[in-house]
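Chemist: These protein sequence lines are chains F and Y, in that order.
For reference, each letter of the first sequence is one residue, going 13 to 415 in our numbering.
For reference, each letter of the second sequence is one residue, going 8 to 75 in our numbering.
Calculated from the structure, these hints are not laboratory results.
Incorrect hints may have been included.
[What the hints assert, rightly or not] If you anchor each label on the Cβ, the simulated ranges turn out as follows:
#1 F:Ser222 - Y:Gln29: 44 to 52 Å
#2 F:Gln120 - Y:Ser74: 40 to 48 Å
#3 Y:Thr57 - F:Thr367: 33 to 41 Å
#4 Y:Ser74 - F:Asp118: 36 to 44 Å
[Unchecked claim] Here are the simulated lysine to aspartate or glutamate pairs, EDC-like style, with alpha carbons at most 16 Å apart:
#5 Y:Lys75 - F:Asp266
#6 F:Lys21 - F:Glu34
#7 Y:Lys75 - F:Glu309
#8 F:Lys322 - F:Glu332
#9 F:Lys243 - F:Asp266
#10 Y:Lys35 - F:Asp302
#11 F:Lys197 - F:Glu182
#12 F:Lys207 - F:Asp139
#13 F:Lys37 - F:Glu22
#14 F:Lys207 - F:Asp147
#15 F:Lys116 - F:Glu229
#16 Y:Lys20 - Y:Glu30
#17 F:Lys39 - F:Glu22
#18 Y:Lys44 - F:Asp266
#19 Y:Lys49 - Y:Glu12
#20 Y:Lys75 - F:Asp307
#21 F:Lys311 - F:Asp266
#22 Y:Lys35 - F:Asp307
#23 F:Lys117 - F:Asp231
#24 Y:Lys35 - F:Glu309
#25 F:Lys36 - F:Glu24
#26 F:Lys161 - F:Asp139
#27 Y:Lys65 - F:Glu22
#28 F:Lys216 - F:Glu131
#29 F:Lys21 - F:Glu42
#30 F:Lys104 - F:Asp266
#31 Y:Lys31 - F:Asp307
#32 F:Lys126 - F:Glu249
#33 F:Lys161 - F:Glu130
#34 Y:Lys45 - F:Asp266
No residue lacks a Cβ here, since even glycine has one placed at the ideal position from N, Cα and C.
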Amino acid sequence: MMLPPKYIKEIEKYAEKKKLTEKKKQKIIEKIESLYKRFVYDPEEPIGIVTAQSLSEPATQMTMRTYHFAGTAGIQVTLGLPRMIEIFDARKEPKTPTMTIYLKKDYQDIEKVKRVAEEIKEIKMKDIVLSTTIDLTELWIKCKLDTNKMKEYNIDIEKLPKKIRIRGIETKIENNNILKVVYKKDDIRGLYKLKYSLLESHIKGIKGVSQVVVNKEQDEWVISTLGSNLKKVFNIEGIDPTRTTCNNIFEIYDVLGIEAARNTIVEQAKFTMEEQGLDVDIRYIMLLADLMTVDGEIKAIGRYGISGQKTSVLVRASFEETKKHFVNASVKGERDKLKGAIENIMMNQVAPIGTGAFELVGSIPKTKKAEKTKSEKPKKTEKTKSKKAKKAESKKKTKTKKS
Amino acid sequence: MPKHEILSEEEKKELLERLKIQEKQLPKILDSDPVIKKINAKAGDVIKITRNSPTAGKSIYYRLVISK
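Please take these sequences and the hints and turn them into a complete structure.
Modeler: So this is what it looks like as C-alpha cells:
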C-alpha cells in the first residue's frame, strides 16, 4: 500500500528542513506507512453506518445549541441544522442563496472593487425614486427621481426610459429629474397595477441579488452577495471565475458540473459544522457527497433520494412508508435477491459485512480418485477447474477493492 | 473544479482490468454536464477526474459518461 501524496510531500518537507539522509527518510516513510495501515478501514467494514453515526450525533447536538449572531458585518445566512437539512435534502433553492465573489489581482483596488460590486447589485426603479404622483384623469404617473443616488449608482438619466420594459406605456423625462409615464389604456385599476410593476422594474445589475457587501479577507477584497446568479457573474469583467462560488448546489451543478457540485456539498457541510463548533472528520462528509453524486445527478439523502431508490424492496420498506413499498412491489412482482446487509439481518442470516462478506475459496485437494479421473480426461477437467477457481478469486478481489 | 480527462480505449480497458469491474459499476456523469460538453466526451467514455483532496492531497476518481 502507498501513502497518500500529501503525507509523502509533508515527510519530504520535514526531511529537507532537518537535512535527513535518504535512508532516514525512507525509514520515516516506512514507519508512518505502518501507522497509516492501522487506521485504514478494513475491507467490507460497514462505513456507511459509522458515517451515519458520526454525522447524526453532532447534528443532534446542533439542535440544542444553535448560536445566533448579531451585528457582524456580512450577510445573514441560514446556518446550523436548517442548513444541514437543506444540503442533505438537496433542496433546489436554499433559503438564503449567497455568492462569494473573488476578484482578479489587478482589481484589488477599493474603487475598482466598488465598481464591480455596483455592477452586480440589482437596482430596481424603487431604489432611485423619491416620490410618485398619480393623475387619474389624465392617466399618468410622475416619479421624482433621486439624482444623487442615480449618480452614485452610475445611471444615465437619458437612458432610463429605455430600461423600463412594460407594455402599453410611454415614458418621458421632464426637468431632468422627473420621469413621466403615460398609460395608453383607459383603465384606472390598471394604472395602480402599473405603478407597482413600474417600481419593481429592473434597471441595472443582476436579477435577484438584493444585497452586496464588500469585505476584506486576508489582504484581498471579497464581495459577498445575497441572492445568486453564477452564470451572469461569470460574465462580469474583473471577477475570478476559478474561485467565485455560491451556496446553491444546484446552480453550481448547472453551471460547473457534478464534480464541482460534489465539492460544494463537502465545503458547505464542513463549513456549517465548523461554524457550530463541531468537528466531524471530513472523510465522512466526502463519502456522503460521493454517494449523493454517484449517478451523475444530485440526489437527496432520504425518502425521495438514495433511500427511496434502493433496489431491495425490504430495505426500502424498512426505512419509511413500509406499506407503500410492499404494495407497489407486490403489484409489480419485484424480487429481492437478499444481497445487502439490511435484508440479511431481517432474515436472520449472515449479513455481508466484515468477515460475513467473504467466503472461503480453496482448491480441492487432489485425492486418488480425482487423479484417476484426471488421467482419464486429463486436459478438460483441469481447465474447467482452474477457470472456476479464478472466477471465484476475482470475485473476492473485487469485493476487497470496492470497499 | 477538478481536472477532467477522457481515457483512451486502452486506458479504459486497463482500468477495468485493474479494478476487476464492469463499465456500469463505475460512478456516472451525465453527458449534459457542462464539463462533458466542454471536453467533447461521448456516452460510453470514461472520465478520469483528478481531485484536490483535503486528506490525501490528490485523489483520482473515474466516472462513466451516460446519456439520460
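Chemist: Each hint should be assessed against the structure and marked as holding or not.
Modeler: Verification of the supplied hints:
no.: 1; hint: F:Ser222 - Y:Gln29: 44 to 52 Å; result: holds (50 Å)
no.: 2; hint: F:Gln120 - Y:Ser74: 40 to 48 Å; result: holds (44 Å)
no.: 3; hint: Y:Thr57 - F:Thr367: 33 to 41 Å; result: holds (35 Å)
no.: 4; hint: Y:Ser74 - F:Asp118: 36 to 44 Å; result: holds (42 Å)
no.: 5; hint: Y:Lys75 - F:Asp266; result: holds (15 Å)
no.: 6; hint: F:Lys21 - F:Glu34; result: holds (14 Å)
no.: 7; hint: Y:Lys75 - F:Glu309; result: holds (10 Å)
no.: 8; hint: F:Lys322 - F:Glu332; result: holds (12 Å)
no.: 9; hint: F:Lys243 - F:Asp266; result: holds (9 Å)
no.: 10; hint: Y:Lys35 - F:Asp302; result: holds (11 Å)
no.: 11; hint: F:Lys197 - F:Glu182; result: holds (11 Å)
no.: 12; hint: F:Lys207 - F:Asp139; result: holds (14 Å)
no.: 13; hint: F:Lys37 - F:Glu22; result: holds (11 Å)
no.: 14; hint: F:Lys207 - F:Asp147; result: holds (11 Å)
no.: 15; hint: F:Lys116 - F:Glu229; result: holds (14 Å)
no.: 16; hint: Y:Lys20 - Y:Glu30; result: holds (9 Å)
no.: 17; hint: F:Lys39 - F:Glu22; result: holds (14 Å)
no.: 18; hint: Y:Lys44 - F:Asp266; result: holds (12 Å)
no.: 19; hint: Y:Lys49 - Y:Glu12; result: holds (12 Å)
no.: 20; hint: Y:Lys75 - F:Asp307; result: holds (11 Å)
no.: 21; hint: F:Lys311 - F:Asp266; result: holds (14 Å)
no.: 22; hint: Y:Lys35 - F:Asp307; result: holds (5 Å)
no.: 23; hint: F:Lys117 - F:Asp231; result: holds (11 Å)
no.: 24; hint: Y:Lys35 - F:Glu309; result: holds (8 Å)
no.: 25; hint: F:Lys36 - F:Glu24; result: holds (11 Å)
no.: 26; hint: F:Lys161 - F:Asp139; result: holds (8 Å)
no.: 27; hint: Y:Lys65 - F:Glu22; result: holds (13 Å)
no.: 28; hint: F:Lys216 - F:Glu131; result: holds (7 Å)
no.: 29; hint: F:Lys21 - F:Glu42; result: holds (14 Å)
no.: 30; hint: F:Lys104 - F:Asp266; result: holds (11 Å)
no.: 31; hint: Y:Lys31 - F:Asp307; result: holds (11 Å)
no.: 32; hint: F:Lys126 - F:Glu249; result: holds (13 Å)
no.: 33; hint: F:Lys161 - F:Glu130; result: holds (12 Å)
no.: 34; hint: Y:Lys45 - F:Asp266; result: holds (13 Å)
Checked against the numbered hints given earlier, this structure breaks none of them.
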